[in-house]
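S.K.: Spelled out from the first residue to the last, the chains are:
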Amino acid sequence: MSANETVIDHLLQFEFFQKISTAIGSQIGVSHIWVWYMVALILVAAVITGILAAVGGFGTYAERKISADIQGRFGPNRVGPYGLFQVIADGLKMIGKEDISPNESDKFLFYLAPFLCIFGVVATFAVLPFSAGLTLSKTNVGIYYVVAISSLVGLGIFIAGYASNSKWSLLGGMRGASQIISYEIPVTLSIMSILLLSGGLSFEDILANQTAWPAGWYIFHNPFTFIGFFVYFVSVLAETNRAPFDLPEAESELVSGYHTEYTGMRYGLFALAEYMEVFVVCGLAATLFLGGYHVPFDIGKGTIFGDILQIGTFFAKTLGLYYVVIWVRWTFPRLRVDHLMSICWKYLTPIALFNLLGVSVWILFFDGKSILDLFLSAISSGPVGH
Amino acid sequence: MLPEIVLLFSAFMVFLGGILLISTKNLMHSCIFLLMCLFGVAGVYASLGAEFLAVTQIIVYIGGIVILMLFAVMLTGGKEFISRLHKVLNLAPLMGDKSTYMKGSIVGLIIFGGLSAFFYQLLKVLPLKEQQVSDYKIIGHSLLTDNLLAFELSSFLLLGALIGAAIIAKPEKVSESKPTDI
Amino acid sequence: MFEKAYLCLLMASFLFALGFAVIFIRKSIIAILIGLELLLNAAAITFMTFNRYVVGKSDGQVFSLFIIMVAAAEAAVVLAIVIRLFQTKESIHVDEMSELKN
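Residue numbers (the numbering used here), protein chains in the order written: chain A, 1 to 386; chain B, 387 to 568; chain C, 569 to 670.
For the record, the hints were derived by calculation from the structure and aren't laboratory data. Because the structure is a prediction, the values reported are computed rather than measured. Where hints are given, some of them may not hold.
[What the hints assert, rightly or not] In silico lysine-lysine, DSS-like type, Cα no more than 27 Å apart, as pairs: (1) C:625 x B:515; (2) C:657 x B:411; (3) B:515 x C:669; (4) A:19 x A:107; (5) C:625 x B:523; (6) B:556 x A:346; (7) A:138 x C:572.
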């Protein structure tokens with residue numbers, strides 16, 4: 001099927017790559033096609049995992065640096081220039097720590113939970129459109145897949161809370177699961193209002209109607225999508241357990257919530273998953289509402305240079321939103337747990353539903369034209385047009 | 387090529403998850419193995435060319451049903467509570483005794499053998515051909531034209547289930563004064 | 569192609585048998601719900617396999633979608649009943665639910 005290309009199909013076309021896999025295949029004595037796939041899978045997985053770890057790791061660095069900036073401190077500045085190698089130092093420290101699990105804990109679930117979290121996040125990167133060339137898997141149900149697979153994170157948090165056999169963990173896990181399940185609804189509804197405009201579930205469809213200029217972005221398409229962006233952004237803050245919605249790990253009440261009992265790299269996996277998930281949701285926001293990877297004038301379209309520009313655009317938008325997320329965390333106080341639920345069910349969900357209705361009515365009446373198009377056509381037809 | 391790999395991998399997940407599901411004594415673990423099994427089923431759908439169905443499977447089962455089950459297991463006390471009530475079953479909580487286990491396994495094996503033999507004969511007779519599976523746009527179209535009645539009825543069913551579940555699970559106002567541990 | 573189709577149907581029969589066995593063996597209502605979900609999934613896989621290898625187009629797929637929908641509705645109601653039972657009878661053991669017996 002041509003609609004469902006993966007990056008592996010591209011890799012398989014390189015002659016150099018084919019040569020390597022044929023050599024390996026003749027050594028082991030299996031058909032070389034299988035080896036192609038296996039080598040390609042492992043290669044892609046290794047590269048992506050490396051990039052992701054960097055994204056997550058530098059997420060922690062950015063968080064510390066920006067929070068320090070907001071509070072008038074210096075932040076990490078000892079390891080390397082500007083403290084850039086603090087990430088490596090932290091990683092080494094975490095790997096070096098003793099791996100403790102509580103005596104009364106459910107060992108199997110306790111060990112499983114961080115991997116569920118990290119799997120749910122990493123799997124979303126398979127469809128995230130970094131550029132026209134660098135989308136790992138061009139499936140035709142892209143955004144739906146992201147919504148589905150990221151629900152594993154909530155499961156991981158819940159299991160972590162349950163398996164630790166500690167009251168703080170349990171409370172954190174319960175809060176995490178209920179919060180994620182509840183906030184999935186406004187997130188999905190505001191994504192759906194965009195899908196009505198794009199007419200397809202794949203990221204290609206979503207990006208096809210947007211342009212590089214802000215006037216062509218879906219956020220400025222009509223008033224409802226403008227509200228929808230903010231509904232989406234607030235809801236994903238809650239879905240990724242970021243402040244001011246970080247009740248599952250509220251330090252002042254729950255020690256550190258669902259990962260209280262975790263030590264060393266297992267704790268590190270939770271932290272990494274959180275930072276990577278923030279990156280994913282910011283990337284989704286950039287793709288859905290802010291025009292994604294589109295470069296003005298389509299400079300260098302189809303070439304490697306153009307791809308690099310597109311990746312740069314995507315990362316610029318995503319990291320800008322990432323900055324806002326961190327900024328929000330260090331600016332706003334935490335909500336109370338009943339306020340959290342009432343915000344979701346009494347405000348965000350009705351607003352998102354209203355948006356969905358509004359967008360469909362807009363499409364019906366204005367034939368799917370954006371507000372700028374209507375304005376321009378009104379000008380060109382003249383004040384005495386009718 | 388990729389569909390075959392996915393199919394083999396999901397078959398592995400389904401069989402392993404299923405066997406672990408029935409052999410573990412802990413209900414919580416059972417739910418996790420159910421998740422593994424259902425993930426495998428989603429993989430089967432994906433390898434059969436129905437991505438939309440696969441993702442729906444993931445979103446409904448993993449994002450919804452399994453989390454609900456885990457919640458229910460936790461709220462009803464899991465294994466500890468049952469073992470307090472039934473001193474006899476303490477060693478095998480939530481599991482029947484040995485004879486039930488044997489009977490259940492034998493029945494399961496018989497069903498498995500019978501069904502797989504039946505499907506073998508059936509597939510030999512049927513003309514097999516890799517058909518084109520329609521994508522989500524055609525499905526959406528058919529849901530609103532050919533299958534409209536079923537679609538509307540299912541929305542009624544879901545609404546009914548929603549309201550019914552809320553009413554059934556609502557705690558009574560009478561002073562039971564039983565502290566919940568959430 | 570025969571092998572692929574047969575593997576899928578083998579999985580379906582395995583899940584069906586497994587669901588049956590789980591309903592037989594387990595004594596918890598939630599475990600019985602797990603068994604029911606397995607039965608429904610077995611049916612859905614069968615529909616999808618025949619859709620892929622025999623019928624084509626979208627009919628089997630739509631049927632599988634409806635099966636998933638029914639499973640979701642059923643799970644919500646059953647779990648609500650489980651919570652209610654636990655509130656009133658303090659147990660989710662099927663042997664305890666014998667009010668209507670005799």
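S.K.: Each hint needs a verdict: does it hold in this structure or not?
M.R.: A quick look at each hint next to the structure:
1. C:625 x B:515: holds, 13 Å
2. C:657 x B:411: OK: residue 657 of chain C and residue 411 of chain B at ~23 Å, within 27 Å.
3. B:515 x C:669: violated, 52 Å
4. A:19 x A:107: violated, 45 Å
5. C:625 x B:523: holds, 12 Å
6. B:556 x A:346: holds, 19 Å
7. A:138 x C:572: holds, 24 Å
In this structure, the hints that do not hold are numbers 3 and 4, in rising order.
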